[in-house]
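Trainee: Sequence:
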Amino acid sequence: MTLEQISALGRKLSLFLALFADCFGRREARGLLRVYVKGQLSNLHRKTAEAIALRFQAAPRTLQRFLESVKWDEEQLRDRCQQIVASDHAHPEAIGCVDESGTAKSGQGTVGVGRQYNGNRGKVDNCVVGVHLGYAAPGFQVLLDSALYLPEAFAGDAARRKKLTSPTKLPFAPSRRSPWK
Numbered sequence: 001m002t003l004e005q006i007s008a009l010g011r012k013l014s015l016f017l018a019l020f021a022d023c024f025g026r027r028e029a030r031g032l033l034r035v036y037v038k039g040q041l042s043n044l045h046r047k048t049a050e051a052i053a054l055r056f057q058a059a060p061r062t063l064q065r066f067l068e069s070v071k072w073d074e075e076q077l078r079d080r081c082q083q084i085v086a087s088d089h090a091h092p093e094a095i096g097c098v099d100e101s102g103t104a105k106s107g108q109g110t111v112g113v114g115r116q117y118n119g120n121r122g123k124v125d126n127c128v129v130g131v132h133l134g135y136a137a138p139g140f141q142v143l144l145d146s147a148l149y150l151p152e153a154f155a156g157d158a159a160r161r162k163k164l165t166s167p168t169k170l171p172f173a174p175s176r177r178s179p180w181k
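Each residue of the sequence shown is one higher than the last, beginning at 1 in the numbering used here.
Think of the hints as simulated: they come from the structure by calculation, not from any bench.
The structure presented is a predicted model; accordingly, all values stated were derived computationally and were not measured.
All C-beta atoms in this analysis are idealised placements derived from N, C-alpha and C, irrespective of residue type, glycine included.
Heads up, a few of these hints could be off.
FRET-style restraints, in silico, Cβ to Cβ [claimed, not checked]:
#1 162 - 87: 32 to 42 Å
#2 76 - 98: 16 to 26 Å
#3 142 - 15: 17 to 27 Å
#4 16 - 64: 23 to 33 Å
#5 92 - 160: 38 to 48 Å
#6 115 - 21: 17 to 27 Å
#7 57 - 153: 46 to 56 Å
#8 131 - 86: 19 to 29 Å
#9 122 - 57: 46 to 56 Å
Below, simulated DSSO-like cross-link-like pairs (lysine-lysine); rule was C-alpha separation at most 27 Å, straight line [as the list claims (entries may be wrong)]:
#10 12 - 38
#11 162 - 71
#12 38 - 105
#13 123 - 105
#14 163 - 71
#15 105 - 163
#16 105 - 12
#17 47 - 71
#18 38 - 71
#19 12 - 47
When you get a sec, could you build the whole thing from the sequences and use the hints?
Mentor: Quick look at the structure:
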């Protein structure tokens, strides 16, 4: 690639990320998203939050906090991605792919864990199962959505669901030290 092509990628990335600006409540979060995405696309050997922050002149703790506790509208972000795929990659030979993926677990302390069929092991096992929606067109594949499958025993146990999931509906997640609880 030429220097001109590399420079143009930065502008295109900024324009692309601007499509998701309304998914983030604050301008600072949008800036941190840009730093994080640039880090993931970079040639850094270790793509930790600290390494990315240092490479792109951001405060490591700030980027860590962005990844850990800044909330954004995940559903709107997902919907926007799906709209982009639908408009830019529509093809008459495209197909949707629904697949499950099981991960074995020991114990009962994970959301959605239960004795259910684990396709990775080919048997009924104590596991969590994710259900994924993909899209494939000639020369293009993408994951469009993913959800955790809740077995009937887990879904019907309100006390267990409340214990293992976060009950908060706040638009942000304050730190443990924050006076704004």
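Trainee: It remains to establish, for every hint, whether it holds in the given structure.
Mentor: Here's how the hints hold up against the structure:
The supplied range of 32 to 42 Å is met by residue 162 and residue 87, whose beta-carbon atoms lie about 40 Å from each other. In this structure, residue 76 and residue 98 meet the distance hint of 16 to 26 Å, their C-beta atoms being roughly 23 Å apart. At about 19 Å, the beta-carbon gap between residue 142 and residue 15 stays in the expected band of 17 to 27 Å. In this structure, residue 16 and residue 64 meet the distance hint of 23 to 33 Å, their C-beta atoms being roughly 24 Å apart.
In this structure the supplied range 38 to 48 Å holds for residue 92 paired with residue 160, their Cβ-Cβ distance being about 46 Å. Take residue 115 and residue 21: their Cβ atoms lie about 44 Å apart, and the range 17 to 27 Å is violated. Against the hinted window of 46 to 56 Å, the Cβ-Cβ separation of residue 57 and residue 153 comes to about 50 Å, which satisfies the hint. Our hint of 19 to 29 Å for residue 131 and residue 86 holds, since their Cβ atoms are close to 20 Å apart.
For residue 122 and residue 57, the Cβ-Cβ distance of about 49 Å falls inside the hinted range of 46 to 56 Å, so the restraint holds. With a C-alpha separation of about 12 Å, the suggested pair residue 12 and residue 38 falls inside the 27 Å cut-off, and the hint holds. Only pairs whose Cα atoms come within 27 Å are accepted, and residue 162 paired with residue 71 is accepted, the gap being roughly 20 Å. For the hint linking residue 38 to residue 105, the alpha-carbon distance of about 34 Å lies beyond 27 Å, and the restraint is violated.
Taking the CA atoms of residue 123 and residue 105, the gap is about 13 Å. The hint holds against a cut of 27 Å. This hinted pair checks out: residue 163 and residue 71 have alpha carbons roughly 21 Å apart, not beyond 27 Å. Between the alpha carbons of residue 105 and residue 163 the distance comes to roughly 18 Å, so the proposed pair stays at or under 27 Å and holds. Straight-line distance between C-alpha atoms of residue 105 and residue 12 comes to about 42 Å, which puts the hinted pair past the 27 Å bound.
About 21 Å separates the Cα atoms of residue 47 and residue 71, which keeps this hinted pair within 27 Å; it holds. Straight-line distance between C-alpha atoms of residue 38 and residue 71 comes to about 20 Å, which keeps the hinted pair within the 27 Å bound. Pair hint residue 12 plus residue 47 holds up; C-alpha atoms about 22 Å apart against a cutoff of 27 Å.
Checked against the numbered hints above, the structure breaks hints 6, 12, 16 and satisfies the rest.
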